[in-house]
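> Those sequence lines, one after another, are chains S and V. To convert, take the position in the first sequence, counting from 1, and add 376; that gives the working numbering. To convert, take the position in the second sequence, counting from 1, and add 373; that gives the working numbering.
Any given hint could turn out to be false.
Here are the simulated DSSO-like cross-link-like pairs (lysine-lysine), alpha carbons at most 27 Å apart as the crow flies [claimed, not checked]: (1) V:Lys642 <-> V:Lys553; (2) V:Lys626 <-> S:Lys398; (3) V:Lys553 <-> V:Lys538; (4) S:Lys430 <-> S:Lys385; (5) V:Lys454 <-> V:Lys600; (6) S:Lys385 <-> V:Lys600; (7) V:Lys505 <-> V:Lys474; (8) V:Lys474 <-> S:Lys398; (9) V:Lys642 <-> S:Lys385; (10) S:Lys398 <-> V:Lys642; (11) V:Lys454 <-> V:Lys505; (12) V:Lys538 <-> V:Lys454; (13) V:Lys553 <-> V:Lys505.
These are computed hints drawn from the structure, not numbers from a lab.
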Amino acid sequence: MTLRDILNKLIGRQQSSANTAKERLQLVLAHDRSDLSPELLDQMRREILNVVAKYVEIDMDEGAVSLETEDRMTALVANLPIKRTLKTPITE
Amino acid sequence: MAPNTRIILICSGKGGVGKTTLTANLGIALAQQGVKTAVLDADFGLRNLDLLLGLENRIVYTAQEVLEETCRLDQALVKHKRESNLALLPAGNPRMLDWLKPDDMQRIVSMLAEKFDYVLIDCPAGVEDGFKNAASAAQEAIVITTPEISAVRDADRVIGLLNTKSIKPIQLVLNRVRPKMIASQEMLSVNDVTDILALPLLGLVLEDEQVIVSTNRGEPLTLTGSKSPAARCYGNVARRLQGEDIPLIDPSKEGQSLRDKFRRLMATKIF
Ligand SMILES: Nc1ncnc2c1ncn2[C@@H]1O[C@H](COP(=O)(O)OP(=O)(O)OP(=O)(O)O)[C@@H](O)[C@H]1O
Ligand SMILES: [Mg+2]
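With the rest of the complex left out, here is chain S (with noise of 0.2 Å):
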């Protein structure tokens, strides 16, 4: 957060576009370098879901699994909301 940043907003108006493009290239190269495409990532994702679901109970809406990447290493990052704990496992 610079000055700029911090009066910008105070003004209401955008952050400065060169943090937009640093924001956007991350992401955009998390992407490029896992070379994972958005269905499967998609796919991945509910199933990853599904499993965890077996064992707490989590908010599926809120439930976010996204790419991240630093010194070019790319993380793949889950953010799972727990409501609560199931009791007994749900195994078929």
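Keeping the supplied structure of chain S fixed, place chain V with the ligands upon it in accordance with the hints.
Below, chain V with the ligands alone, put in the same frame as chain S:
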């Protein structure tokens, strides 16, 4: 192959970001430092290195005739008229694209490596065969990009491909840097780009109208001893390549007016 020859690929992914201009200026600057340097135009489809060096009228043979063995290497090499340590090996007919293979590229480069201390390969844009052929003969690479979102993304693709080969080191040159735009946070900063691409920075080159003037004349900025900002930057890149420890110019210190100082204050990170 002469054991100490450095064979450097100059590539970018995206077109028009400054590969050929860098190759020409770096070639001249290295030659001025007394090292024998060859520049190889590997952009067979759209060759331009001859024009930037002002050597377009002196081409007799090209890499093509050397590969076909209808001429010797030194017949095809065009020595620079004012900088005798520099020679250009011109690109042949665009039809070379149809038959050129990585093997051919390696043959040409190892012939050059016998005679020169540096071989700079001016790579075509893109990540297809032209790039792959050029890369197949290289030992190290300079990736050049501009602080623009599409150029950085394409540079990242190229770095990914270079990482799968045994090309080391891979260093970054950031071209067309505009200090004022960076200060007002309307351009990705040098740190933004090096953070994202995670490459060591070999140098940055300021946006400079003199680049166009020098291209018009076919006299690279480093040839004429110009004091213009980009000339200084290209010279620094050459000296760092030679192992000299030259500090990076700080783009935020480029403008000294009160207005520039205010811009810098506004861009200071607070949290
Ligand atoms: N630092 C600079 N300041 C101003 N103009 C520049 C700078 N660097 C390059 N240019 C201009 O950008 C244009 C493209 O440069 P150049 O031909 O070197 O790019 P390239 O990467 O080799 O392109 P291509 O992919 O087509 O081979 C030219 O018009 C050149 O004059
Ligand atoms: Mg070019």
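> Could you run down the list of hints and mark each one as holding or not?
Now the hints, each set against the structure:
1. V:Lys642 <-> V:Lys553: holds, 17 Å
2. V:Lys626 <-> S:Lys398: The given pair, whose Cα atoms are some 22 Å apart, holds under the 27 Å limit.
3. V:Lys553 <-> V:Lys538: Measuring from Cα to Cα gives roughly 38 Å; hence the hint is violated.
4. S:Lys430 <-> S:Lys385: Since the Cα atoms of S:Lys430 and S:Lys385 sit roughly 42 Å apart, the hinted pair is violated (cutoff 27 Å).
5. V:Lys454 <-> V:Lys600: Holds, because 22 Å separates the two Cα atoms, which is no more than 27 Å.
6. S:Lys385 <-> V:Lys600: With Cα atoms ~42 Å apart, S:Lys385 and V:Lys600 exceed 27 Å; violated.
7. V:Lys505 <-> V:Lys474: holds, 9 Å
8. V:Lys474 <-> S:Lys398: Violated, at about 38 Å.
9. V:Lys642 <-> S:Lys385: holds, 15 Å
10. S:Lys398 <-> V:Lys642: holds, 15 Å
11. V:Lys454 <-> V:Lys505: violated, 32 Å
12. V:Lys538 <-> V:Lys454: violated, 36 Å
13. V:Lys553 <-> V:Lys505: violated, 37 Å
Comparing the model with each numbered hint stated earlier shows that hints 3, 4, 6, 8, 11, 12, 13 do not hold.
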